[in-house]
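Using the sequences provided together with the hints, build the complete structure.
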Amino acid sequence: MAISPISKIQSNLNRHHLLPVQLITILLLLIYSLKVEATHVFGVQITYECLNDTDKRIYLKAYRDCDGAANTINYNITFQHVSGPMDLPVPLGPNSPFVINEIPSTCPAVNTQCTDVMSSLTGIEEHLSYRDYSFTPGSVWIVSYNTCCLSGDFTNGSANQGIYVESLIDNTIVPCNSSPQFTNRERFQSCVNEIVTYSVNAYDPDGDSLRYSLVDCLSSAGVPVTYNGGLSGTNPMSTAPGMEWTIDPLSGQITGQPNMEQTGLICVKVEEFRNNVKIGEIVREIGFFVTTCANLSPTISAPFDFTTTAGEEICIDITAVDQDVADIISLSNPSGKGLLQNETGSNPINAQLCWTPTINDIGVQYFPIEATDDACPYLGNNTYIYKVTVNPPPVLEIFEIQGSGLTSPYEGDLVTTVNNVVTALSTDGFFIQTPSSRDDADESTSNGIFVFTGGLPLFNVGDLVDVTGSIEEFFGFTRFTSVSSVNVVGVDVVPAPVMLNSMIPSSDPGSPTCGINNFECLEGMYVEIVEGTVTGPNQRFNPDPIAETYIVATTSRTYIEPGIEFPGLPGLPVWDGNPEVFELDPDRLGFPNRAINAGSTFQAKGVIGFEFGGYELWPIELTITDNSLPKPIRQRNNGEATLATLDLFRLFDDVDDPPSMDIQGNSRNDIVESTADYQRRLKKLADYILNVLDAPDLLAVQEAEKIEVLQDLAAEISSLDPGVSYTAYLEEGNDLGTIDIGFMVRPSIQVNNLTQLGNDETFIDPEDNSIDVLHDRPPLLLEGTFKSNNIPFAALGVHNRPRSGIETSERVRTKRLLQAQSIAQMAQDYQLSKQPYAYLTVLGDFNATEFTDGYVDVLGQITGEIDPNMNLLNGPDLVDHSY
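Just so we're aligned: 770 in the working numbering is position 748 of the sequence shown, and the numbers increase by one with no gaps anywhere.
Please keep in mind that the hints were generated in silico from the structure rather than gathered at the bench. Hints may be right or wrong, so weigh each one.
[To be verified] Restraint-style ranges between C-beta atoms, simulated for each label pair:
1) Thr-645 with Asn-509: 33 to 43 Å
2) Ala-463 with Gln-701: 52 to 62 Å
3) Asn-93 with Asp-339: 37 to 47 Å
4) Val-515 with Thr-647: 28 to 38 Å
5) Val-196 with Asn-509: 13 to 23 Å
6) Pro-431 with Phe-588: 45 to 55 Å
7) Asp-669 with Pro-584: 43 to 53 Å
8) Arg-562 with Met-683: 50 to 60 Å
Virtual Cβ for every residue (Gly too), placed ideally from N, Cα, C.
Okay, structure coming up:
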């Protein structure tokens, strides 16, 4: 019985209200079509692509054999109205010129009739053209192609009959729908009695589900072609008993065992479904060639069924074998999904297909793998379908994602967490936390996590959300990234904040709050500090000159204490390291940035983040009571003189000076500042010297580039206060970065002598036994007289090696000890040379505290107040306190 196309659409799409049927054909004048006759057509297919809400591109592919018949294939399609507005689709220009390509089927050494008219080998050409049309929204159309005639080479009864194919275009579907597309070409050939495996190789660009079936090919609308006896659309070619043609309805893999030479046309209907509702169908016509040949096509061995989880990479081992041992096999992956590796060049061939599914791939995915040999004249080919079932990612609570360690046990995995409360918003994401009712009551795990989206969230604090994404450790910060979905599912109360105080975080490094440290179990969680103190000023980074401050959740600042930082070394004092200190980043969640002085107090609510190796409070509420700094020294009393020291922190000018050499011939080179930065720093330093240090009579300075820099600073001071003048003194040293020690002296002091000490002292590096410079910035001795009372005095300016590396470097510890001993000897020598008395002040940047750091007691060595039991390294007491 003939089946009309409209009745088919009615049965499959009964949701449409069908209007009276009208058949509308595009006129010759619009598309300059020609009736197609006397050409050997091997099949036709119509597909379409959504361009926007109203426009679609309709592709026509026609296949013909190259046996000498004239090529009269043209773009000639018909529109048949199904429902909705009846406005005829409007062409947006002419159809594109046909692109004609031969379908590869032979080895490179031979040609088909497509390229050599004298060849006896049949060849097939693909003819492709498209045209753009504008459709009225809400309209439904069948687009069809009908012509004469099929190739006379077909032996299954369809030869020389008409050709009819159709596709459904439904413009009621939102978002706009594109038809299924095909990744391989139409021709397939095999040998008699060979088991055939062939894939339709369809995919849907919109991610819709596809269903496949073998159907009657049509000679005109609703009229099947005539098949030979015993054959039909579902079994279109002769096969061995029990090996009839079948198609997998989900993967589109066709199998069968043809038992005689034959050429047949097989038609496959591809239906597309969205949310289990059919939204369209197309038909693909495929020409099959079966010949008597000795070649055996390659086969791929099982298994073909795999299971994975979204977000997890799956790698499938593929082994293909060709019984013709001289043939070389190549594999291809027409779907384009995943990465096929080691796909060419051997027999057998062992390849691997690797693929990482996303949240959009949940369900069943199919991968056709084509195995082709290099036989002549016709290549042997089979296609096998790999089925990969993609399960949804695991649904986890936040505390499961965070885990009890420093890193998430799900790092790198795609996961989902549901019904969690938004606690804070950022410009690049948001924080969520487990509602109180689902708290795991485990103090070692966090209930909060950051969701990185790269943009400002479009929902509110208090919203309940479901999140799916990948878990990463972003430089140690556990967070969601590559977020697939965020859905607001309700609202809830933000959990009560964790109170941070003198107990949390712990001040005992041996008993941290979270077991492994003080803050990992608080990462991402909502917290509150009622009485907090800024224990260290803003840090400075490029390009953030006003960065995070150091804070504690108590009313008292923390300080360095004697000893080696916890856990220390046996038999030596241990400093706890102040584990309760963390950081405050005022502007991380959108507050205006500001400088915050040490000693300021604050109240805050926020979340615990992690950046640059440190845990931080990112506030959503912040109140600061500022500690005004700097605080000037007291006014000097009558008869007093003031001596001060100031590290200028790498004060370089805007002049590029030529390099110089240290005592060992190593090059010393400066840094060149911009004029603006140099002038700005001079003004700040001059202001500090005048208004905080109260213009001391003598100022020992460190880290000055050269004498001219100190002279510029003196000039700036005088420009701010003409009543204050300084004379600058400086001696170049050994520092490779050209920072040196100097003095700035007011007229109240008579400078009698300036001597650089220890410039040529060296020591043996215990790590490599090399001879190294001991004093990079050699101490500078200024001898002078206070003019007001004619009392002589001396000042020894120093700048010792910093502590960096002291925990691990024997060289650093040794150099700090030997520098301290050298300075102590200088002090002792000066005392001996100035009997019966001498006023000597040793001042500068000792890079040390007033007590031992457990490795070396720098100040104890210099002052002669050393306790050998408190240090890893000690030297003799060189200072005689009887003077």
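### Task
Just pull the numbers of the violated hints for me, sorted ascending.
Hint check: 6, 7, 8 fail, others pass.
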